[in-house]
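Protein chains in written order, with our numbering: chain A, 1 to 447; chain B, 1 to 447.
In case anyone wonders, no lab produced these hints; they're calculated from the structure. Any given hint could be a false lead.
[Said to hold, decoys possible] Coverage of chain A stretches by chain B, computed from C-beta distances (three or more under 8 Å per stretch; other residues unrestricted):
#, segment
1, 50–59
2, 69–78
3, 98–107
4, 186–195
[What the hints assert, rightly or not] Some residues of chain A that are not near chain B, with every Cβ distance over 12 Å (derived):
#, residue
5, Ala65
6, Gly161
7, Ala248
8, Glu277
Every residue, glycine too, gets a C-beta built ideally from N, C-alpha and C.
Number of protein chains: 2
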Amino acid sequence: MPMSERCDAPSSEPSSRRTGVSATLAANEALERKRREGIPVLPMAFGEAGLPVHPALRRELADAAGRNGYGPVAGSPELRAAAAGYWTRRGLPTDPGLVVAGPGSKALLFGLLLVIGGEVAVPRPSWVSYAAQAALTGAGALFVPTRPGEGGVPDPELLAGAVRTARQEGREVRSVVVTLPDNPTGRLAEEATVRRLCEVARELDLLIISDEIYRDLVHEPGREVHSPALFAPERTVVTTALSKHLAAGGWRLGVARLPEGTSGRALRADLLGTASEIWSCAPAPIQRAAAYAFGEPPELVEHVDRSRRLHAAVARAVAARFAAAGCRVAEPQASFYVYPDFAPVAGRLADRGVRTGTGLAGLLLERYGVGTLPGCAFGEPASALRLRVATSLLYGESDEQRLAALDAADPVELPWIARSLDRLEQVLAEVTAPEPALAGAGVPAGV
Amino acid sequence: MPMSERCDAPSSEPSSRRTGVSATLAANEALERKRREGIPVLPMAFGEAGLPVHPALRRELADAAGRNGYGPVAGSPELRAAAAGYWTRRGLPTDPGLVVAGPGSKALLFGLLLVIGGEVAVPRPSWVSYAAQAALTGAGALFVPTRPGEGGVPDPELLAGAVRTARQEGREVRSVVVTLPDNPTGRLAEEATVRRLCEVARELDLLIISDEIYRDLVHEPGREVHSPALFAPERTVVTTALSKHLAAGGWRLGVARLPEGTSGRALRADLLGTASEIWSCAPAPIQRAAAYAFGEPPELVEHVDRSRRLHAAVARAVAARFAAAGCRVAEPQASFYVYPDFAPVAGRLADRGVRTGTGLAGLLLERYGVGTLPGCAFGEPASALRLRVATSLLYGESDEQRLAALDAADPVELPWIARSLDRLEQVLAEVTAPEPALAGAGVPAGV
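The shape of chain A in the complex, shown without the other chains (with noise of 0.2 Å):
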């Protein structure tokens, strides 16, 4: 799909001459509207881990206000001690020299996009953002299909006939992002995939971005992630960030590791750079929690287990009401993401008017109150019938509910989260019925 075509996410947003606002907060913005409007929403369109901050962690946060002068653009001392310590616990060996504090992880990417320049290879589907970061550079994204019933890696033999052909056309393709694991697709890609994609990174000289954002919530206790900079530690980015696995999307604090080597420091340097001069630092009392976070004290850890176990259940029992509904739908492995295709139902949802995905997630958004995002928005073709569905907002709408949720031995039996998966069945069932249910009830006006 080439990068011009027009992918609405559900939105009221207008959007930019660049680039629109983020697919995913656009559509969280519009649920709040609803939401304030009094209509029942399900909120599944929007990637936040809907779980409160734990106490220590804000506790470190609320000491560290005094905290005000810029420090070191990289981080601090201390923040990057703790980074690389926390990727040395996972198998690879970190010097603090090599780890960059920013704003996000996001931030973090941009920069990095923006300072190796040229084209960059993405998955498709992918998170919303590698690809348009990569147009904001102006360099532009090339999406490379992923294995099938994997997510988050291109599929290598595909991405090397990709690089190829866009070489020989003059165009420069310099590094590929892989999502370990991944979102949308909530899967986790096997290390035999990994290690040929390093392969054929090596082959072609590209340089690999690993966003391991997800990589503490895998559902399966003990089963490892298998991160690219084991396999070409000499030209693998990873980035992390406090807002998955630790539920503190809104504090902006993401870390990447760089690669050792000339290389490797020589891109630290360009990154610090652009980072001195886009964001200074990344907040100096929130480095001083996330230094602590990293450090990975035993109450976290046990609260990190405790959140995945809770994302491991919402997201099967999702999964399993679209599965009933008829759609095709992956086991989710990792994170609170579900990827339904309803491609199996594609002549019901027809009858209803609805050819598209941004269709889909209209008629789903506009109709039932029910937000998730449309797999376009992941690079998708606009024809495919493909949602990203988040789980997590479903934990309750006070933090009372979602440290119960947290806390239930079977959260899907508490009666909130069983009347939202109720209410989803219902929706489902309603919008795959063989008749339309009601006249009418097709796309809404402006979808």
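Fit chain B to the supplied structure of chain A, relying on the hints for placement.
Positioned in the frame of chain A, the structure of chain B alone reads:
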């Protein structure tokens, strides 16, 4: 000066392919290293306010530590309303819907330059990051000298000529940046200059970006800042932040006030689209504290008043030391900067082998531990023997000293500040003495 001409601020950081680590941040890091080595330093390179954050503001941040959601890209409604009130009280009635918050006004300025596109006219001299950001967007900066004795606003007649010439050469110049009051000169442009700039901007259809981050630090009580938003409201973006008058640079919180009307709303939509892909939102807990700050409770107003008096007293005393050493130096009118010109003692510097601003800053840093930034970091020619001297890190090395400085009736009489001023006087006397004080006291190796 063409953008490609090297201006090496004294620093051992590796330079970047696209841009070095921001000159101010790099010099700061170099001084920190010297300090850690036990070398006495006069840290006057870095534009940090040098004061602790007010306890009430710290308390607000601590109380907001539980805020972990992303929230709207533009910032929370309470923050936008507070910022609108702040501007309204300054004669700029503001619709909260036209306020956009971000992680520092630096990030907002970058986002604006990116979405506006084209070259940007900037004053010569001007803050290091405007031109660096313009380079990152791929367009570049057009330096236009300020009127003699003023700072922060390109001479409007020269601007008109430069833009017309550039356009005849096929270059697109779409915007102009002004800094009111100014960094690096510490001067406040005259009302007539601002009015004329607005006329020229209208004639040439230039957007005006008015960086008013030092607005609340004008030394003379009651002296008005004449924002271009008063005279060209349809085309002026105003930015400010918590970094300077509230000394919270490391918190990373800025706000922009977009123009009303169709093009202002389109610019806002573009800015939000870009913001959502680069930084998502300003840090949520800090947004809460910023809402409190922009509400201007009496304890903060009183604190800013005291800060302003301290900045004025020390900047004046530092300027006097440079004047006594034979430099040409305009009276500081705002902020905590002094901008001396060593041209009258150029011959004596040449005797020491110093013929450039970089050489001068390097001599002061490497031989005397006196950190400043050369004029070329602000767009001046390499031969300009001008320095930006930031005076705010002389207030003390501990919060106790800094608070004593804030409370003192005559802060320059405090022993640690007096000692710094004496040391500066002695260094300047030595550097500008008729004969080099020591054989071999010229430019040290590597500078």
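Taking the hints in turn, this is what the structure says about them:
For the segment 50–59 of chain A, the stated coverage by chain B is satisfied: 4 residues place a CB nearer than 8 Å to a CB of that chain, which reaches the threshold of 3. Only residues whose C-beta sits within less than 8 Å of a C-beta in chain B count toward coverage, and the segment 69–78 of chain A has 5 of them, enough to reach three; the restraint holds. Figure legend: the segment 98–107 of chain A, annotated as covered by chain B; annotation consistent (4 residues with Cβ-Cβ distances under 8 Å, at least 3 required). Beta-carbon proximity to chain B at under 8 Å applies to 0 residues in the segment 186–195 of chain A; the threshold of 3 is not reached and the given coverage is violated.
Consistency note on Ala65/A: stated as away from chain B, yet its beta-carbon is not over 12 Å from all of that chain's, at 4 Å minimum. No Cβ of chain B comes within 12 Å of the Cβ of Gly161/A; the nearest lies about 29 Å off, and the non-interface call holds. Under the 12 Å C-beta cut-off, the non-interface status given to Ala248/A relative to chain B is violated; the minimum distance is some 5 Å. Listed as outside the interface, Glu277/A is inconsistent with that label: its C-beta sits roughly 5 Å from the nearest C-beta of chain B, within the 12 Å cut-off.
The structure does not agree with the numbered hints 4, 5, 7 and 8 stated previously, though it agrees with the rest.
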